[in-house]
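Protein chains: 2
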Amino acid sequence: MGSDETQRLLLSETRDHSHVNEKSDLLQRRRTRRGGTSDTEIEQNGDLQTPLHPQSIYETQEAELNFKPVLFYLAAYLGTGTLCFFLASYQIQGIKTYGFLDALYFCVVTMTTVGYGDLVPNSTIAKLLACLYVFTGMALGGLILSKAADYIVEKQEVYLVKAICKAEKLGLEEVSKELVTKKSKYKFLLSISTFVVLMITGTVFLYFVEKLDFVDAFYCVCSTVTTLGYGDKSFSTPIGRTFAVFWILSSTICLAQCFAYLTDFYTEDRQRSLAKMVLTRKFSPRDLEAADLDGDKAVSAAEFVLYKLKEMGKINQEDVIAVMEIFRKLDYDQSGTLTEADFRNSQV
Amino acid sequence: MGSDETQRLLLSETRDHSHVNEKSDLLQRRRTRRGGTSDTEIEQNGDLQTPLHPQSIYETQEAELNFKPVLFYLAAYLGTGTLCFFLASYQIQGIKTYGFLDALYFCVVTMTTVGYGDLVPNSTIAKLLACLYVFTGMALGGLILSKAADYIVEKQEVYLVKAICKAEKLGLEEVSKELVTKKSKYKFLLSISTFVVLMITGTVFLYFVEKLDFVDAFYCVCSTVTTLGYGDKSFSTPIGRTFAVFWILSSTICLAQCFAYLTDFYTEDRQRSLAKMVLTRKFSPRDLEAADLDGDKAVSAAEFVLYKLKEMGKINQEDVIAVMEIFRKLDYDQSGTLTEADFRNSQV
Numbered sequence: 001m002g003s004d005e006t007q008r009l010l011l012s013e014t015r016d017h018s019h020v021n022e023k024s025d026l027l028q029r030r031r032t033r034r035g036g037t038s039d040t041e042i043e044q045n046g047d048l049q050t051p052l053h054p055q056s057i058y059e060t061q062e063a064e065l066n067f068k069p070v071l072f073y074l075a076a077y078l079g080t081g082t083l084c085f086f087l088a089s090y091q092i093q094g095i096k097t098y099g100f101l102d103a104l105y106f107c108v109v110t111m112t113t114v115g116y117g118d119l120v121p122n123s124t125i126a127k128l129l130a131c132l133y134v135f136t137g138m139a140l141g142g143l144i145l146s147k148a149a150d151y152i153v154e155k156q157e158v159y160l161v162k163a164i165c166k167a168e169k170l171g172l173e174e175v176s177k178e179l180v181t182k183k184s185k186y187k188f189l190l191s192i193s194t195f196v197v198l199m200i201t202g203t204v205f206l207y208f209v210e211k212l213d214f215v216d217a218f219y220c221v222c223s224t225v226t227t228l229g230y231g232d233k234s235f236s237t238p239i240g241r242t243f244a245v246f247w248i249l250s251s252t253i254c255l256a257q258c259f260a261y262l263t264d265f266y267t268e269d270r271q272r273s274l275a276k277m278v279l280t281r282k283f284s285p286r287d288l289e290a291a292d293l294d295g296d297k298a299v300s301a302a303e304f305v306l307y308k309l310k311e312m313g314k315i316n317q318e319d320v321i322a323v324m325e326i327f328r329k330l331d332y333d334q335s336g337t338l339t340e341a342d343f344r345n346s347q348v
Numbered sequence: 001m002g003s004d005e006t007q008r009l010l011l012s013e014t015r016d017h018s019h020v021n022e023k024s025d026l027l028q029r030r031r032t033r034r035g036g037t038s039d040t041e042i043e044q045n046g047d048l049q050t051p052l053h054p055q056s057i058y059e060t061q062e063a064e065l066n067f068k069p070v071l072f073y074l075a076a077y078l079g080t081g082t083l084c085f086f087l088a089s090y091q092i093q094g095i096k097t098y099g100f101l102d103a104l105y106f107c108v109v110t111m112t113t114v115g116y117g118d119l120v121p122n123s124t125i126a127k128l129l130a131c132l133y134v135f136t137g138m139a140l141g142g143l144i145l146s147k148a149a150d151y152i153v154e155k156q157e158v159y160l161v162k163a164i165c166k167a168e169k170l171g172l173e174e175v176s177k178e179l180v181t182k183k184s185k186y187k188f189l190l191s192i193s194t195f196v197v198l199m200i201t202g203t204v205f206l207y208f209v210e211k212l213d214f215v216d217a218f219y220c221v222c223s224t225v226t227t228l229g230y231g232d233k234s235f236s237t238p239i240g241r242t243f244a245v246f247w248i249l250s251s252t253i254c255l256a257q258c259f260a261y262l263t264d265f266y267t268e269d270r271q272r273s274l275a276k277m278v279l280t281r282k283f284s285p286r287d288l289e290a291a292d293l294d295g296d297k298a299v300s301a302a303e304f305v306l307y308k309l310k311e312m313g314k315i316n317q318e319d320v321i322a323v324m325e326i327f328r329k330l331d332y333d334q335s336g337t338l339t340e341a342d343f344r345n346s347q348v
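Those protein sequence lines, which keep their order, are chains X and F. Its first residue numbered 1, the first sequence is counted upward by one per residue in our numbering. Its first residue numbered 1, the second sequence is counted upward by one per residue in our numbering.
Calculated from the structure, these hints are not laboratory results. Predicted model, so just to flag it, every value in this text is computed and none were measured. Keep in mind that the hints are not guaranteed to be accurate.
Identical chains share a label here; the pair holds if one copy fits it or two copies do between them.
[To be verified] Listed next, the in silico DSS-like pairs over lysine-lysine satisfying Cα-Cα at most 27 Å (straight line):
no., residue 1, residue 2
1, K282, K182
2, K276, K314
3, K211, K96
4, K155, K166
Turn these sequences into a full structure, and let the hints steer you where they fit.
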């Protein structure tokens, strides 16, 4: 069998498999999403003609599933908090506007850890409630909201692909490929652009509505988005606090995502360099010997792929050890290969 | 060749390789650390007799390399900031003690985004400086300090292994294995214990030194470690601010690491479940057909490992495609395997 045929088999393995084995349902669905490009995926991205990166689609679908509950959790969390602090509003001191709005604003300022201090709890109960609220808020922000933000960025990416296609007059496939290999870079660029827009919006708002001078407006924006929140400048009008509820939530999460994507980008870049180094390194007769697992003086496609992926650090020893244990059990006749004979013998 | 021999070859592949190919130095070092357990690693962990998880050792070594520069960056960053804000101390208003200490305290409160607001900049220059300082501080904290914290946790783990060995009278190998498979869990437990100790230390300190009542001390601790920093309660004495410089830095980083390890733990747990599902799933004759890449009606060890790792989602299509391209180029005679003949022919 020629190497072309082997390659075809190797690449389509996952898809073939999803046809022949329809029993393990969950497993199969996972595999299809991760491995190949199923028909459903093509349909869902029908407006793009070409399907996006399967891994990306998998992540998007997973994020989509998680998006609605996230909104629900956020609403429940903010709702409960607002109600509690509204009922305890006489135990909160500071610059006040309307009871309910202040409670909501206090919740957002607390959960994002901005903590201006323009409203502070002044009873034991309110203080302990605020402590509880900020810890749960951190968990919600770190573990759940970041996923929702990621989902939005993934969605934006689809529009970005379309925009680039139009502007650069490139084929869709080219742009998609570029997007796949430099995924984190584009995510970072998207989030940083959104962040800049949010910064500008905040500064303009504080300048015109809260009547701060330009430097103070910018200073307050920086102090808020980083969750520093000195509190010497903050939102003190009813309209300002209404705006703040949405703006603080989105801008603080956006900045956190920027940093997360920057880290991803850095990691991905390093991995890509390593992979490139491994792939461009000359394959010598010595490598041939080392990669030849079954000692038949020939390196099969599977052996080669395994050898190179190990070199890239994508596979580690623990994984291989665990799989090899299973292999040994299945290899009934100890021949070093699994054949139909192994199945027949094991069932005797 | 029996499957035992194949397994021996498969598992020792990386080590063998580091003996035969001594040219590509950097690559080799990477490979040795990731793949096998070299002699140097055993020596370095000599006091434990058994080497720890190679991956962990690799990470520890890398972290160790990064640890000294991190301390240097932190010192340089805090030093520059302290000097700037000390020189501009007349542009900072609030509760003051000693000029230099206040500047350092202000730097720490700003870079960790606690932002009590007990000291705030009150000139344009000082405000813009604070904005710059908090952004760079976030980057330093997120991208660099977390690595240093991880290094410390890795070090602690070694002591934990020893402690468990003594207490539970278990063999070192057993404990190490447990530690490897549930790495994130132990990291999380270690960081959360450290965090609790830091919380108690802070509360006790505020109670005795800053003379806050118990609830206020606890409230101030919660407000600080979460970087909320309302600022109604903060450190106002010279001794308090000296303590705060170290305590705020360590406790905020520690809490952030707790959340990071919790996320890792969750991810690792999900991956482990998936791997277990893939490994325990019955391998049917249909799988045999799908895993048989070269169509010889027999699944070799390499084919089996590749098939299972793909199923686990540890390898994706892009990786395989990239490696297969190289394979095709090397397979000069298009036989579907690499042999010495391919090398001879390619050099003619």
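Okay, the hints, checked on the actual structure:
1. K282 with K182: Answer is within: at 26 Å inside a copy they meet the 27 Å cutoff, but 38 Å across does not.
2. K276 with K314: both (13 Å within a copy, 19 Å between copies)
3. K211 with K96: Close inside one copy (18 Å), not across copies (29 Å); limit 27 Å.
4. K155 with K166: For K155 and K166, the Cα distance is within 27 Å only inside one copy (18 Å; across copies 53 Å).
In summary, this structure violates none of the numbered hints.
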